[in-house]
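Take these sequences, add in the hints, and give me the full structure.
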Amino acid sequence: RRISEVAEHEVPDLLRFLGNHGFRLGVEVEAVELSRGAGTFTVRVGGEDVAMSVEVARKIWIDA
Numbered sequence: 845r846r847i848s849e850v851a852e853h854e855v856p857d858l859l860r861f862l863g864n865h866g867f868r869l870g871v872e873v874e875a876v877e878l879s880r881g882a883g884t885f886t887v888r889v890g891g892e893d894v895a896m897s898v899e900v901a902r903k904i905w906i907d908a
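Take the sequence shown: its letters are residues 845 to 908, numbered as in the working numbering.
Simulated from the structure, these hints should not be mistaken for laboratory data. There's no promise every hint is true.
List time: in silico EDC-like cross-link candidates among lysine to aspartate or glutamate, alpha-carbon distance up to 20 Å [unchecked claim]:
1) 903 / 857
2) 903 / 874
3) 903 / 893
4) 903 / 872
5) 903 / 877
Put into structure tokens, the structure is as follows:
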């Protein structure tokens with residue numbers, strides 16, 4: 845799957861975090877783990893595992 849859009853109304857800190865971890869429009873991502881107990885979602889971007897809150901993950905739209 846590929847990143848299609850990030851909520852553009854989000855604060856610059858979130859966009860900077862995503863950019864620093866390789867998130868770009870069109871980049872492939874792979875779901876690694878959803879930890880409901882911890883409230884985290886881990887994805888693999890460019891070979892790097894990136895953990896984020898479920899709240900942050902919901903702000904990233906993915907195309908199939």
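Legend entry - Which numbered hints fail: Nothing - there is no hint that the structure violates, so all of them hold.
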